[in-house]
Amino acid sequence: MLSTILIEGKEIRAPKDSNLLWAALNNGISIPNLCSIRGNSKPFASCRLCFVEIAGLQGPVTACTEKVKDGMKVTVNTPEATKLRRSSFNLLLSHHRLDCGRCPKNRNCELQHIAGLEHFKLNDKRLKKIDMNYEVDSSHPLFAFDKNKCVLCGRCVWVCQGEGTGVLDFAYRGLSTMVSTFAGIPLEETECNSCLSCVNVCPVGALYTK
Amino acid sequence: MPKITSIEELTKLKKAVEPRLAIRQDANFSHFKATPEICIQQCRGMGCTAAGGDKVTELFEDLIKKKGLDSKINIVRTGCLGPCEMGPTVIVNPGDILYVRIKPEDVQEIFDKHIMKGEVVERLVYHDPTTNKAVPERLKINFLADQEFRILHNNGIIDPWNIEEYIARGGYEALAKALYKMKPDDILEEVKKSGLRGRGGAGFPTATKWGFLKSSPGTVKYLVCNGDEGDPGAYMNRAVLEGNPHSIIEGMALGAYAVGNIKQGFAYIRAEYPLAIETLSAAIAQARDYGLLGKNILGTDFEFNLDIFPGAGAFVCGEETALLISIEGKRGMPRQRPPFPSDKGLFGKPTAINNVETWSIIPRIIREGSDWFASVGSEKSKGTKSFSLVGKVNNVGLVEVPLGTSLGKIVFDIGGGVPKGKKYKATQMGGPSGGVIPIEHINVPVDYESVTALGAIMGSGGLVVMDEDNCMVDIAKMFLGFTRDESCGKCVPCRAGIPKLLAILNKITSGNAKLEDIDTLQELSEMIQNASICGLGQTAPNPAISTIRHFREEYESHIIDKKCPASLCQALFKAPCQHTCPVGLNVYGYIALIKEGRPADAYKLMSQRLPLPMTVGRVCPHPCESKCRRGQVDEPISIRHLKRYAADFAYEHNLSYIPEIKGNKAEKVAVIGAGPAGLSAAWDLAVEGYKVTIFEALPVAGGMLAVGIPEYRLPKDILNKEIENIKKLGIQIKLNSPVNDIDALFKDGFKAVFIGIGAHKGDKMGIPGEDLAGVYDAIDFLRNVNLGKAVQVGKKVAVVGGGNSAIDAARVALRKGAQEVHIVYRREKVDMPAEAEEIAAAEEEGIKLHVLAAPVKVIGKDGKVAAIDCSRMALGDFDKSGRRSPKPIQGSEYTIEVDMLIEAIGQRPDTSSMKLGAAKIGKDGTLVADKRTLATEQKGVFVGGDAFTGPFTVIEAIASGQRAASSIKRYLNGKDLGPRVDRQDPETVDYNHIPPTDEETSERPRIKISEIPLPERKSSFKECIVNYNAKEAKEECSRCLRCDIG
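As they're listed, the protein sequences go chains A and B.
First residue of the first sequence? That's 1 in this note's numbering, and the numbers climb one at a time after it.
First residue of the second sequence? That's 1 in this note's numbering, and the numbers climb one at a time after it.
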C-alpha cells in the first residue's frame, strides 16, 4: 500500500511503513547519510546526518529511523535540523584524517559529496582535529584498511556479517571505537573470503582496493 | 524439601520459621538477660566486608564454639545495614545494639562483656559527632532514626541465603495471593493505584509500562531486571540484590502473572557484583526447589523462569536497548527508539525492563496494598526510595526515605552534615547523567519533578555530597571523563563530542580558556543532547550544563582570574595556601625560610606583598589553612602563627622592610580611610611614586584594626609600628579629617580617589526598648574602649550576635569589670560566624553562651535597661546560606537580668554624610563597583575593603586595596582597566626547594600555641596568645609538605 507524503514541498508516494530516508532518496530528494544501507531493515542510525523535521514531532529526528506514514510532512532544510547535521558532520570530520589529495576515494567520497550538497566545510577550524594515528592494514592482497579515515558507519560490518565471512566487527569504546578483526589480527590472517563487499559499501577512503 | 503447593503450606512454613526471627527484631534490651537465646547479626554489605567484617564474624564463631554456646548464640550474616562508612558493624539482639568499626581485637571484649555478661561496650557503639554521646540502640542513631525502611526492610534481619527466612517475613505471600485470589488485571490495577514509578531513574509509571507490554501482540514476551548499577558512588541495588534477593524473584513473577504470556525473565547484573550474582543465583535455585519458580508455581499452572545474565562491565549496558542487545550476545550498543522494547525487545519480542528496586517493592504493594505504598511520598512521587549517600558527608551509607523528603534532611539530619566543619556546597544527583543541586536549593523535596526542575535527575539514587573543597569545573570534568570512557562509540555526537567538551573543560582548569568557551560548551552540550541515540549521550553533557547553570562564577573565576576557588585545579597554582590567600602570599617560601633559620628573610619575603605582617599574623582568619594539604594528613600548618613569628622577629630586631620607590609621578591620589584597605592601596601607589594622602575621620589610623579589634588580640604598639613603617614611603595621613564630598577632592587636584571607609555603623535589631540607656552597639562600644574613652560597663552584660564583634565585645566587657557576660545567639554554636578559637577562648574565660535564643524585648527600669526577654528558637528550613533558619518557639520566652546590652548583629558602611557623585550605594549600604576592577560608576573613584564587601576580613581588605591600587595605576596611565589587574612583583628572596623527608611528613599534630594564664587574661588587656619560640616555629615549619615542589 502506498502512502503519500510531502518532503520539502514535493509530494512523493512510497510504501506505508517503509524507511523514510530511502523513500526520500528513491524519489530524488537528497538527505545526507553515511550509515544507512539499502536492505538493512534495522537502521544503524550512528552517523546522525539525516536529521529532518516532521510536522507534529518535537525537534529534529533521524529520517533513517522513521517510517513512512500517510500524509506525513517532512522538511529537511530547517535551521534546527541543518544545525544538527552540520554539528555531526564537523564532529565526524574532527577525527577523520583529511588527506583528500592522496586519498583513493578523492572525488568519489561521500563526505565530500555531503560537504558539497550542504555547503559544509571539510576543514572546520573550530573543533580541534584528532588524528588517531592507526597503522594501515595492507596485509590483504586485494584491499587495504585505513582506520584513520573510517567514520564508523558500520556498513562494512553489516555486509561482512551478512555476505562475507564475518571477520569485521566493532571493538573498543568511546573515541577509540574501531572496526576491527578479531583481536586486531591482520586481514590476511583472517577467514576473509575476499568478497570485497566491504570495500564496495565504504563511503570514504577507509577500505579500498589496492 | 517438597514443593509448596498451596497458600496453606506457605502459611504453615511461615509460622514455623517466624519464632526464629522474633529475637532479631527484639529491640528491648531488658530481654537480653531473660532470654536463653542471643542473635548476632553481621552486615555483609560491601562497606563492612571491605573493612574486615568476615574476620570479625569468624572470631565470634570461634569464641562461640570454644565456649560450646552454638545452640544458644546464633550468628546471621545479613544484607547491608546502611551505615557503610562505620563498618564492620554487627547488631546484638535482643536490644538492637549496634557495634561499629569493630576491629578483630575488639571481638573478645564484646564477647566477654556483652554476650557473656549483658553489658554494652560503650566504647564500640556509635557516638554522636556533635554531642559525643554513645548511642547504643541502632534505631536511635540519627542516621537511621529518620529513615523509613520499606525496600530495605529485610536487610539486617534475614539471612538472604535462606528462603525460609524471607517467607517468614511475609515473602511469597503476595504471589500466593495473586495466583489464588487475584486476576492478572487486579495486579496491574493495584500497581497503577500505588503510583509506583520506575526506580531506575526516569520515573516512568511502572503500571503503564506493563500495560504497553500487555497490549503488545505476541505470545512470547520477556521481563528483564536491570541490575547493571553503574553510576559512580551508587550501590542501592547491590544492597537489595545481596540482602533481599527473593523480593526481586517474587516481584518479577508477579509482573509475569499480571502481564501474561511471560514464561521467562532475565536478571542482568553487572559482573563487578559477584556476591550479588551468587546470592541471587542461590535464591533462584531455592525458589525452584520450593516450587516458587519454574513450572506449576505454588501448585497452580502458572510458570515463570528466571535466569541471571552477568553484564561484562559496560556502563552503557544499563541503557535498556543496549542491555537487551547484550543479553542477545552481541556488542552492547544502544539502538534508536522507537521501536520501544514493549514492542520489539529481547530477541525481537515484547519486553519490559525494570530496575532492581522497582521489582523488589512489587511484592509488598500486592501484599500490603497500594494505599500502604502511597501513604508516604509526595503528590506525584509515591513511596520510598533508597539512596547511596557518599562524598563529603559524615554518615556515608545507604539511606531509604520517602520521596519528597528534603535534600537538607538527607544531607544534614541523616547524613550528619559535612565533616571537618567545612562548608556544604552542593549535591550531585543522578550520577554522570545528573546534575548538581547547589546550597540555595537545599530545601528541595527530593522527588522526580522537583529535582528535574533544578537540572538534576533522580537517577537510580546516587547522592554525592560536595563541600567548599570541591571545584565544580573539576566535578564536570570527572563525570565527563567517565562518560567519555563509557561511550559505546556508536554515534558521533557522543563518541566525538564528549571528548571535545572535556578538552574545553581542561582548557578552563588549566587557565587557558576564554569566556566564549563557556558558550561553546553550552552549544556543543545541547547538540550532543539532541543528536545522540541513547540516554547516555543525551544526558552526558548534563554535569557540564548543570554546573554552568548553578556555578557560572566558578567557571568565570578560572577563566578570568585564573583562580580555582576550591584551590583544586593544580595547573593554576603552585600550592593551595598561596592560591587561597587573597593577597597571594608565598606561604611555602616563608615557611622554608623559617625552617632554615632565616626568619628575617621570611619577613622580607612576606613584606614584599603584605604591608601589615605583624597585624595579619595575629588577626587573619587564615583561609589558607583551610586548604592546606597537611590538613588531609593530620592538621593544617599553623600558617598565621608562623607569619607572626617571622614578623615579630623582625620587629624585635628593629628590622623593617621599606620597598624602593619606583619613580616619581606627578599625580596626587586621595585615599579615604586609614584602615587595612586604604593603607594597602596607599602603600602600593606610593611605591609607584604617586603622592598619596590618606584622610581619616577618626583620631587614629588603622580603621577597624585600631578601633574594632581589642588590644588583647592586637596590641596597639604593634599596629602603630606597622603604620609608621607605611608612612616612611611618604604617605601623608590626615587624622580627624572626614571627607564629605568626593568632588571637592578632585577640585583640590587629586586625580583619583580610593574609598576605604570600612563598615563602622552597627545594625539595629528592631525590638522594643532598644533606645533605653545601657543599650550599646558593639562597634561603638569597642571603638570607645579602644580610643580610651570612659565607658560605663555594667555588672551583668548581654551581647547579641555570633560574629567576631560579638565575641570581642563580650571579652572586652569581661576585662572591663563585668561580673557576668552572656552571649545570645539565635542559631547553633556551629553556625556562629566567629572564629572557633575565639569562641572557645570566650567560653574558657567564663562567658556564657545562649544559643538558639533571641531577644524579643528590652525591659527598662527608670529609663535604663534592666533585663531582656528572650525567646528560644527552633531551627526550621534551611536558608540560602545552607543554615537552618531559626524561628521563635511560641511561649518559650525567658528573661535574662542585665544592666547592659550590646548589639553585635551586623555592620554597614556609614556614607550618610558623604557626597559620592555618580558612585552608587547598593545592598546593605555598601558601595557598588565592578568586582574585579573595583571601579565605581564615578570616574576615577575606586572602592575596597568592608565599604565594598560589607564586614569581612582584614586580608580581603588588604587584597582589595592592592587590586584597587592596580586599577588606579592603569586608570592614571590611561589604560583599559582590563578584566584582571593583579599585583605581580618579583620576589627577591631565595629559599630552598628541598622536599620534606618521610619523617617530616609522618603524622603528627601542629605545634600548639600557648596563652597567658587565664586569670591574667580575664583581668587585663595583655595579648593572650604567646608567640612561638624559634624551636617551635622551626618544628612547625618542618610539617610543611612543600606542595610547590614537583
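The hints are simulated quantities; they were obtained by calculation from the structure and are not laboratory data.
Some clues are possibly wrong.
Cut-off 25 Å, straight-line C-alpha distance, at most; resulting in silico cross-link-like pairs (BS3-like, lysine-lysine) [stated by the list, open to error]:
no., chain 1, residue 1, chain 2, residue 2
1, B, Lys507, A, Lys128
2, B, Lys665, B, Lys975
3, B, Lys665, A, Lys42
4, A, Lys129, B, Lys33
5, A, Lys69, B, Lys665
Label-pair distances were calculated between CB atoms; the ranges are [what the hints assert, rightly or not]:
no., chain 1, residue 1, chain 2, residue 2, range
6, A, Met132, B, Lys574, 27 to 37 Å
7, B, Ala285, A, Glu191, 39 to 49 Å
8, B, Glu523, A, Arg102, 26 to 36 Å
9, A, Gln161, B, Ser375, 47 to 57 Å
10, B, Ala202, A, Thr78, 42 to 52 Å
11, B, Asp561, A, Ser41, 52 to 62 Å
C-beta atoms are modelled at their ideal positions from N, C-alpha and C, and glycine is treated no differently.
Consistency of the hints with the structure:
no. : hint                              : verdict
1   : B:Lys507 <-> A:Lys128             : 12 Å, holds
2   : B:Lys665 <-> B:Lys975             : 16 Å, holds
3   : B:Lys665 <-> A:Lys42              : 78 Å, violated
4   : A:Lys129 <-> B:Lys33              : 75 Å, violated
5   : A:Lys69 <-> B:Lys665              : 81 Å, violated
6   : A:Met132 <-> B:Lys574: 27 to 37 Å : 35 Å, holds
7   : B:Ala285 <-> A:Glu191: 39 to 49 Å : 40 Å, holds
8   : B:Glu523 <-> A:Arg102: 26 to 36 Å : 34 Å, holds
9   : A:Gln161 <-> B:Ser375: 47 to 57 Å : 54 Å, holds
10  : B:Ala202 <-> A:Thr78: 42 to 52 Å  : 28 Å, violated
11  : B:Asp561 <-> A:Ser41: 52 to 62 Å  : 56 Å, holds
Hints 3, 4, 5 and 10 from the earlier list are contradicted by this structure; the remaining hints agree with it.
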